[in-house]
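Given the sequences, and given the hints that come with them, work out the whole structure.
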Amino acid sequence: MVDAGVRRFAGSPDTRTLVVLAGIVSATIAAVYWVLRIGFDNPTGPILETLELALFLLAFPVVLRTALIRAIGDREPRWWASHPFLWLVTIGSTGLIGRAVPIIGNSAVILELVGLVFFTLILVTWLYEQGLWRSLSYIAGSIAFGVWTAGVVWGRIYKNPLYFETFIATGKVHHDTLNLAATGNMLRTYHVATTGIDGLNYVPYHWGSAWLFAQWANLIGIDVLKFYQLSFPVIVIPFFFGCIVALAIFLRNRRRDEGSDPTRLSGTFWAVFIAIAVGIAPIAGLDAMGVWTSNIMISESYTIAVPAALLFAAVVVNWADGLSVKTNSLAESKLGWIDMLFLIALIPAGIVLLGYLKISLMALAFAAIVYLGWRLRLYRRIPFLAAILITTVVFYLTYKQVSLPAHREGFVPLDYLSDFVPPPWWPFFLFVHLAWTWIYTIYRLRRENIHDLGELGTAVKERRIIDVELIVTLALIGVVPGLIIHIDGGSAFYFSDVQRWLAGAMLLSWIAFAGTRLWPARSPDAHPGIGGWPTRRLLTALLFIAAVGSIISNAVRWPLIMLRQNVAIREQLYQIAGYPVSTGRIRNFVNLRDPAILATGLRKSPNYAMATALALLQATPSPVRRREALFVPQSDNHYWTSLARPAECSFQSFVGPALAGIAMVDGMPAVGCKLSKYYGIGSFSPRVASQQPAETSDAALCVRAKAIGATRVISMRFPGDSVVRRDISCKSGAT
Amino acid sequence: MQVGRDVSSAVNAPGANGPAARLDRLTSTVFGSLLSCGLAAVYFVLRIGFANPVRAVAVTLGLALFVICIPSALSEWLNRRHDTPKWWLSQSILGLLCIALSALAGAIAYPTHVNLGVPIAITGAASFVVVLTRWIRVSRAISLLVVAGLLVLFTAWVAGIAWGTRYKTPLFWEQLSDRANVHHDPLYYASMANSMRAYGVPSTGLDGVPYTPYHYGSAWLNSQWADLAGVDVLTFYSLGPTVLMAPVFFAALLLFAGEAKAAWRKQRPYEEPASISKPIQEDWVAWLAFIGATIGFIPSTALDALAVWNRHLLISESYLTGLCVFVLSAGLSVVWWFGRKENAKGNALFMLLIVPFLLVSLGFLKVSLMLLALAALLWTILRTGLLRTRIFLTGSILALAVSAVTFKLVSVAAQNQGIVPFNFMRHYADGRWWPYFILGHLFWSLLYIALRVREEKLPTLSDLVAALRAGRLFDAEIVAVVAVCGFIPGELIDIHGGSAVYFSDVQRWVAAPLVMAVAARWIWRLSRVDRRSGLASIRLSTVAVVLIAIPVGTTILFNAGRAVRGAELMNVGLRKAFYSYAGVEAPGAAHARDPHVLAAGLQKAPDYGMISALRALDAEPRELKRKTLLFVPQSDSAFWNIFSEPERCSFAPMVGPATSGLALLDGMPPASCDRTDQYGLTAYARRTKPQTLEDLTSAALCAKARKRGFRRVIVLEPAGNGRYTTPAIDC
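Just so you know, the protein sequences line up as chains R and S, in that order.
Quick note on our numbering: the first sequence kicks off at 1 and runs consecutively.
Quick note on our numbering: the second sequence kicks off at 1 and runs consecutively.
Fair warning: there could be bad hints in the mix.
[Claimed, not checked] Facing chain R, according to a computed beta carbon distance under 8 Å, are these residues of chain S, among others: (1) Pro299; (2) Asp430; (3) Trp434; (4) Leu464; (5) Leu468; (6) Ser537; (7) Leu540; (8) Phe558; (9) Gly561.
Derived from the structure by calculation, the hints contain no laboratory data.
Ideal Cβ positions, reconstructed from N, Cα and C, are used throughout, including at glycine.
Now the structure itself:
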């Protein structure tokens with residue numbers, strides 16, 4: 001039996017469920033990572049440390065909140081003691097602690113230990129109260145969900161447990177990851193937001209996630225590129241989905257009638273959650289509507305910004321609830337100094353931070369603030385008006401800092417549709433792309449018994465459906481950018497998709513415990529036996545079979561792709577090592593894990609010497625690296641063609657900063673290369689003439705190095721399988 | 001719909017032949033007639049610049065008007081004094097009769113040299129004028145506009161689908177002459193039709209005329225109508241099914257919906273008049289269902305992913321013709337069922353004569369339709385206890401017997417390729433959509449059944465069972481029987497070439513008209529609430545419907561537009577090719593219609609010489625044809641490699657019988673060809689060795705011809721420069 005004293009510190013039942021399930025998802029992803037690296041260099045240390053950090057981030061806010069509530073009581077909503085706020089604070093604090101690692105040394109072990117203990121505490125409490133079968137089904141479901149998320153994140157070429165090995169063996173890796181790792185490394189080494197491809201020019205970009213990940217990489221003690229492959233999925237993906245559930249629980253608890261509602265999250269809740277995440281329509285159908293289920297895990301900035309924004313929204317709502325307790329109206333509430341601080345400092349700060357995490361989230365959050373300010377007539381009070389004005393100013397300033405000029409490509413009507421939605425589906429785009437917003441809207445209108453325009457008008461006037469107004473507004477605003485301007489690479493999705501998660505969380509909040517049932521219940525006075533089954537069950541069963549079939553089909557797709565890719569790279573290495581196998585079959589995995597053969601394959605691979613030599617540079621302590629610059633002459637064909645996908649010359653420059661963690665000098669691609677406008681490349685001067693011998697002289701390189709504060713240039717060449725390194729000291733000439 | 005006791009009490013209730021019911025019948029007639037006029041006009045336009053005789057088009061249109069309008073005018077007049085129309089005077093049975101009469105007129109045209117094509121056409125046109133005038137007089141202006149708009153939409157869609165594929169096109173002959181860029185299916189059907197026309201044997205005529213089991217009823221019908229229109233069978237295949245049968249089908253569909261609605265009016269006299277008396281032409285929900293079931297609410301690519309093939313209706317003329325008879329039979333059955341009296345002589349006539357005749361007809365038109373009609377019939381007899389009545393017992397046995405015999409005659413063994421679970425879904429539905437296959441493929445049946453169950457207010461399974469026992473859901477049962485029986489074959493057996501769809505698709509044409517018949521009632525119930533006036537009273541469900549109508553309407557236009565675009569591209573593409581052959585730069589799409597340039601281009605088309613030589617043979621008297629075979633030496637690569645795709649080598653010989661009207665001698669594809677077992681090719685011995693010089697001698701040819709019962713051989717011989725001669729060997 002779990003001691004009541006223990007349970008006192010383990011949160012409420014629903015948050016315990018959230019922490020446990022997210023923790024299991026985290027552990028599952030970590031386990032999949034480990035399995036996929038079997039046969040390669042596969043130390044368990046970083047995996048466990050990553051998992052422990054993830055558990056800390058999940059469990060600590062819950063325990064902290066419980067302790068705070070016990071200390072101060074929970075009669076009134078206190079935003080600073082709310083679970084969402086404490087979670088955000090925990091995230092930010094770990095980032096700061098990570099930032100301090102180079103200064104004070106690594107104390108992550110304490111966090112990890114705390115995380116493990118707190119999570120165990122919550123897990124034990126949860127297991128005790130759930131019962132065997134419920135626990136087992138939750139655990140099994142979480143493991144399945146974890147495998148699905150692992151499949152999604154590692155089933156594309158953006159991230160891969162064997163990313164480094166794939167680069168060595170084939171060079172066929174996505175450049176996005178190199179760009180992000182380069183930025184993270186530059187932030188880690190030089191504390192400058194840049195890709196470091198030719199010095200340290202500032203690159204306007206929402207580099208908040210890169211900064212955070214660099215600090216977490218410090219905590220775990222791994223390089224940034226590995227962090228993106230391992231730690232991002234293990235830490236951030238459970239955080240993403242956990243926050244959806246957390247927001248739902250938070251919103252639901254605002255309305256909860258203590259004592260009358262059950263505290264367990266219902267089966268309907270989880271069914272709808274799965275439908276939102278995995279999709280009840282086949283992936284082909286979702287793709288046709290530009291609803292990309294994989295992108296939430298491809299774009300790490302989106303994956304962290306969405307939950308951060310949702311938690312921020314919950315904090316603001318919690319603050320507003322606290323104000324409205326007495327007056328029942330935010331506009332007429334009495335503001336204390338903490339409230340003033342919240343209004344004019346915390347809200348603008350939140351907007352700024354969101355801007356650095358993902359510009360689309362900042363824009364939508366700002367739109368939400370303006371809309372609510374207008375609808376609730378908050379602008380009539382000076383503190384609120386001041387907050388709106390300050391927010392507007394910081395929004396503008398942040399936008400200038402994080403928005404890449406190359407992304408401002410002018411008016412292009414229906415650009416997102418033209419590029420990503422087949423024309424026959426255009427008429428349905430708004431309906432399906434914003435489906436969860438419409439579902440939420442219909443659900444709420446029915447719940448409010450609103451049947452006609454008159455009743456709708458009345459409800460709007462009475463502000464009874466401000467939540468519906470807000471989500472519809474955000475959905476429509478979110479869809480606008482993609483319909484009027486060109487945003488490279490389908491990034492308009494990161495505006496229009498936000499509504500899915502917000503509406504999803506809001507919908508879940510209503511159906512969490514409300515007795516909402518998808519499966520029709522039998523009437524109490526119905527005929528006993530099968531004859532008493534509701535007729536609607538027949539139709540519901542048909543729909544269920546289809547939906548469940550589709551969910552299963554969607555869910556297995558990515559893990560299968562992930563496994564195929566893993567097997568493919570193993571086969572490639574076996575081939576290089578002189579053991580040709582080419583089955584492409586997943587089950588062949590078990591035969592392709594001989595460490596000696598895989599190591600031989602790697603050693604014989606084209607990029608091996610270069611990649612390992614560059615990666616080795618990260619072993620240098622960060623303060624020393626900060627005084628270094630990397631140079632690879634244009635004549636080194638090996639380096640400048642190491643990425644094997646078509647038209648990758650633009651991105652070759654990222655390889656050095658991404659692998660070595662050192663900025664390059666004179667690292668722009670060759671003259672003939674058609675440079676991409678994106679990825680911050682425009683922040684650097686393009687090469688206008690071929691590199692001349694004079695430009696590669698020690699003196700010339702030192703001039704460039706000194707411009708970024710470096711005192712040593714590491715000049716590297718990679719002829720054949722060898723590495724030629726020459727260190728140039730810029731204090732006393734060549735060495 | 002209720003059966004048994006409930007039916008007998010409702011038989012004499014008013015409404016089955018009231019003004020709304022009569023208007024519904026008129027609407028179906030006018031819709032089909034005007035659709036035919038539109039399609040005939042499009043056909044004519046698409047042939048501008050080429051040989052374009054008006055007579056064939058006019059007679060075909062007249063035939064359509066005859067089959068559609070005469071039954072309407074006659075039935076209305078004959079039933080003018082009856083509250084409930086007599087089934088033997090119903091529009092449906094008269095429609096079936098007119099189809100049979102027109103075919104009979106075609107059958108006697110050649111032997112008697114009396115071609116009734118023009119008189120029939122004039123009769124049809126006159127009756128059309130009468131019907132149209134009457135319809136305009138009794139219709140509201142808004143309905144006229146709505147129907148006119150729908151007609152434009154349907155004309156464009158039908159023309160686009162039917163003539164936008166390589167199966168049928170107004171320029172079929174021309175397209176055949178240009179590297180045979182056509183589908184081989186029409187050649188197969190035309191071969192069958194020509195064999196029946198010339199030799200009186202259903203055969204593909206690839207090596208003599210052995211009997212080829214197949215549902216060749218439509219081929220026979222088309223050959224008779226071709227005689228009436230005065231054109232060859234291949235020409236009629238692109239003209240007749242589209243201008244004649246497609247409008248008949250849509251008219252029959254509307255008629256079936258109208259008859260079902262009339263039956264409901266009789267069944268439920270207690271319903272609110274506003275919900276039940278509204279004629280179909282004023283019932284926007286019914287039209288929506290009509291469009292949804294035909295053109296589709298969602299993009300055709302998505303329908304294809306669920307193996308809901310809207311094109312097949314208009315591509316497969318056997319299915320289209322069979323469905324015309326099937327849907328008319330369904331309409332007739334509704335009229336008979338709700339108008340019958342117990343122990344009446346009419347029941348005996350219906351069960352012992354009409355039903356067997358219809359089943360046999362359906363079997364020869366499309367075997368799947370016969371089997372499904374039989375299933376529905378037997379279910380009805382069994383479920384209603386009519387089996388205890390001698391007439392119905394005898395009728396059932398007779399139905400089974402004639403169906404079995406017909407099945408034996410028309411079923412193609414090679415089509416059954418063994419038990420393969422979920423074969424149709426696995427091969428023809430997009431794998432990613434499999435979970436939704438049943439829901440999507442049987443959408444209209446499921447919709448109808450679900451809404452009927454809801455309407456009957458059956459909260460539990462016990463209530464459902466009780467309702468089934470009481471016959472309150474008998475209509476839904478029939479829909480379910482057709483859906484389930486149609487669904488099983490394709491998911492159990494591998495039926496070649498996706499032909500399982502001709503089983504599983506039938507439910508759509510039963511369920512959709514029934515949905516049309518009751519749609520207004522359901523919608524009326526949904527909107528039956530206290531209302532305020534003004535904008536504020538607009539229901540949110542109405543707003544939602546309007547919002548959804550925007551993408552749905554756009555998609556309907558898109559689906560139709562895509563079809564039209566396909567037909568336009570094909571037509572213009574061929575014209576440009578002929579301009580190019582003629583050495584003249586093609587003008588804009590609308591201007592490539594200079595007869596001289598097109599004629600010059602056609603004559604320079606790669607296969608023109610051969611095709612025109614073959615086509616000339618079709619003009620020979622049938623008495624002479626009957627004893628003649630056509631021989632094409634294997635050395636004639638232009639003939640044997642007429643299809644550029646090597647995998648179509650099996651179908652090259654069909655070009656001969658389809659174009660010349662003569663069966664081939666020694667016409668199997670080369671030994672190297674991987675010959676298909678489909679298309680009746682198993683009726684012939686496979687070629688095992690190359691043709692030798694000895695095989696080409698007159699003696700050898702005559703010996704082979706005599707062995708097959710023929711006395712004359714025409715040889716297709718290249719004369720150089722793309723020309724051909726056709727010397728005859730008299731044996």
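Taking the hints in turn, this is what the structure says about them:
Below 8 Å, beta-carbon pairs count as interface contacts, and S:Pro299 has one with chain R at about 3 Å; its hint therefore holds. Restraint check, S:Asp430 versus chain R: the minimum CB separation of about 7 Å is within 8 Å; hint holds. Checking S:Trp434 against chain R by beta carbon gives a least distance of about 7 Å; that is within 8 Å, so the hint holds. Because the closest C-beta pair between S:Leu464 and chain R is about 5 Å apart, less than 8 Å, the hint holds.
Taking 8 Å as the C-beta contact cut-off toward chain R, the hint placing S:Leu468 at the interface is violated, the least distance being around 11 Å. Because the closest C-beta pair between S:Ser537 and chain R is about 6 Å apart, less than 8 Å, the hint holds. Hint on S:Leu540 holds. Least Cβ distance to chain R is approximately 6 Å, under the 8 Å limit. At a threshold of 8 Å, the smallest CB-CB gap from S:Phe558 to chain R is about 6 Å, leaving the interface hint in force.
Interface restraint check for S:Gly561: the shortest CB-CB distance to chain R comes to about 10 Å, outside 8 Å, so the restraint is violated.
In summary, the structure is inconsistent with hints 5, 9 from the numbered list given earlier, while agreeing with the others.
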